[in-house]
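Undergrad: This is what each chain is made of:
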Amino acid sequence: MIHQYKLGGYNIVLDVCSGAIHVVDEVAYDVIEAFESKTADEIISLLSEKYKNREDISLSDIKECYEQVKSLKEAGKLFTEDNFESMAGKLKEKTSGVVKALCLHIAHTCNLNCSYCFASQGKYHGERAVMSYEVGKRALDFLIENSGKRRNLEVDFFGGEPLMNFDVVKRLVKYAREVEGKYNKNFRFTLTTNGVLIDDDVIDFANKEMSNVVLSLDGRREIHDRFRVDYAGNGSFDKIVPKFQRLVESRGGKNYYMRGTFTHANPDFLEDIKVMLDLGFNELSMEPVVCAPGDPAELTDSDMEIVKDQYEKLANLMLKRHKAGEPFTFYHYMIDLTGGPCIYKRISGCGSGTEYMAVTPWGDLYPCHQFVGEDKYKLGNIYDGVTNTAAQCEFAECNVYSRKECRDCWARLYCSGGCAANAYHATGTVKGIYKKGCELFKKRMECAIMLEIAKQLEN
Amino acid sequence: MEHIKTIETRNLCDSAKNGGCGECQTSCQSACKTSCGIANQQCESNKESK
Numbered sequence: 001m002i003h004q005y006k007l008g009g010y011n012i013v014l015d016v017c018s019g020a021i022h023v024v025d026e027v028a029y030d031v032i033e034a035f036e037s038k039t040a041d042e043i044i045s046l047l048s049e050k051y052k053n054r055e056d057i058s059l060s061d062i063k064e065c066y067e068q069v070k071s072l073k074e075a076g077k078l079f080t081e082d083n084f085e086s087m088a089g090k091l092k093e094k095t096s097g098v099v100k101a102l103c104l105h106i107a108h109t110c111n112l113n114c115s116y117c118f119a120s121q122g123k124y125h126g127e128r129a130v131m132s133y134e135v136g137k138r139a140l141d142f143l144i145e146n147s148g149k150r151r152n153l154e155v156d157f158f159g160g161e162p163l164m165n166f167d168v169v170k171r172l173v174k175y176a177r178e179v180e181g182k183y184n185k186n187f188r189f190t191l192t193t194n195g196v197l198i199d200d201d202v203i204d205f206a207n208k209e210m211s212n213v214v215l216s217l218d219g220r221r222e223i224h225d226r227f228r229v230d231y232a233g234n235g236s237f238d239k240i241v242p243k244f245q246r247l248v249e250s251r252g253g254k255n256y257y258m259r260g261t262f263t264h265a266n267p268d269f270l271e272d273i274k275v276m277l278d279l280g281f282n283e284l285s286m287e288p289v290v291c292a293p294g295d296p297a298e299l300t301d302s303d304m305e306i307v308k309d310q311y312e313k314l315a316n317l318m319l320k321r322h323k324a325g326e327p328f329t330f331y332h333y334m335i336d337l338t339g340g341p342c343i344y345k346r347i348s349g350c351g352s353g354t355e356y357m358a359v360t361p362w363g364d365l366y367p368c369h370q371f372v373g374e375d376k377y378k379l380g381n382i383y384d385g386v387t388n389t390a391a392q393c394e395f396a397e398c399n400v401y402s403r404k405e406c407r408d409c410w411a412r413l414y415c416s417g418g419c420a421a422n423a424y425h426a427t428g429t430v431k432g433i434y435k436k437g438c439e440l441f442k443k444r445m446e447c448a449i450m451l452e453i454a455k456q457l458e459n
Numbered sequence: 001m002e003h004i005k006t007i008e009t010r011n012l013c014d015s016a017k018n019g020g021c022g023e024c025q026t027s028c029q030s031a032c033k034t035s036c037g038i039a040n041q042q043c044e045s046n047k048e049s050k
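Taken in order, these protein sequences are the chains called A and B. Letter by letter, the first sequence follows residues 1 to 459 of my numbering. Letter by letter, the second sequence follows residues 1 to 50 of my numbering.
Please keep in mind that the hints were generated in silico from the structure rather than gathered at the bench. For each residue, glycine too, the CB sits at the ideal point set by N, CA and C. One should not assume that every hint holds.
To be verified - A short, non-exhaustive set of chain A residues, derived as facing chain B with CB atoms under 7 angstroms: (1) 19; (2) 336; (3) 338; (4) 351; (5) 453.
To be verified - Stretch-level coverage of chain A by chain B, calculated; a stretch enters the list once three of its residues show a Cβ under 8 angstroms from a Cβ in chain B: (6) 23-35; (7) 51-58; (8) 218-225.
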């Protein structure tokens, strides 16, 4: 399978299954488009007619081009067949029962009252609660016990707002550091915070112990303060921005992400990106809102077109700043063409419910943070392990080939089948697909690949 | 005349031969985990050998 598109002045051809990417001239673009459905003679005669008034394109050019396409096919870099299906699920089979990442719901409560919150202001449709040290410690032990030979273990402190239970966070990290050497493990911690409680103590701790920090900021003050308000209805922008700036300035190059949400209120999210840049942040992420159908924050069909246009404009801005020596990172455009994941990973799905789970303040296990509160997907708990094997099985079976829509999608080896939670909320089954999410993902990949091409060709 | 320029990428078919160690990051694509697909991840075994 191939995917062809034109963007940023480039004619781009992706050979989906080999991962090869080609930048081609207009004749090659046309040859490739017709190659599988027409004979050589038909293609040559078709293109001779199309380019008959072009002095710069001769018949021998067209013939030469045809031969080059043919050679690439023979070399396994064009029209490569998908022979990976029998490998789907192999990685999960091989690592069956191995857990390598936990999302610790350290606080099911929040000091902000954002109406678009997928976690219903941190409560996840349940009671407010914080995780005790004992539950957290048992969760870390559960992870170590179930991680097999896996050395790198990921733990995200999540909420609600995890800094509302900061003492427990610190104690859990201390415990993990004490035991990781003994078990030959390496904990990588992440903190996701709204910033309200950031102080010097939090900054020192985060810079020392957190391999990544996700900071929630929606961009323009009026956009941010529209949703991200306290319980008195006051916007949080002025309160948190100076704190984020202090944290980022002192981070010394360690990873962080300024992470915003765009909604129906700001499909023109590039304006929010620009505000983030002006504030001094250059590791950025903006995500479409995840909400129930019909929610006022939901992106409409016309918003989708605006968003896609914004993605292109964002790519152009990144390129311009890259050339000017003022680069910034947009998380969704990060793509490692030479050092990216192997094919097993690419076809295995996201890992939720198998190698990755969320832990509630009470120690219950769910496939991921977005399923917390969905009783039928409660997998078990950190004391007895996974007991709802039927539910786990649904997740274990998720891979690129388990969704019929993915089979014909050129982006499948870049997304691995998408988000089970988005699929569930959109279609009622984890094996469905969230069409709007797919549409935006594909647009992002086209832009990300174009950016990499521009950078490689520049060198 | 060069009609086609091939960009350097990892060959996915070849990666079937020595892949699958499973040390790579989990790939959360949902809310607040900032939607990392597969594409923006690094191969841990490649990273170590670099």
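Undergrad: Now look at each hint and say whether the structure bears it out.
TA: Against the structure, the hints:
1. 19: OK, holds: residue 19 of chain A within 7 angstroms of chain B, min 4 angstroms.
2. 336: holds (5 angstroms)
3. 338: OK, holds: residue 338 of chain A within 7 angstroms of chain B, min 5 angstroms.
4. 351: With a minimum Cβ separation of about 5 angstroms from chain B (threshold 7 angstroms), the hint on residue 351 of chain A holds.
5. 453: Holds, about 6 angstroms.
6. 23-35: Held - the region 23-35 of chain A has 5 residues with a Cβ nearer than 8 angstroms to chain B, which meets the minimum of three.
7. 51-58: Violated, because only 0 residues of the region 51-58 of chain A bring their Cβ atoms closer than 8 angstroms to Cβ atoms of chain B.
8. 218-225: violated (count 0)
Against the hints set out earlier in the document, violations occur for numbers 7, 8.
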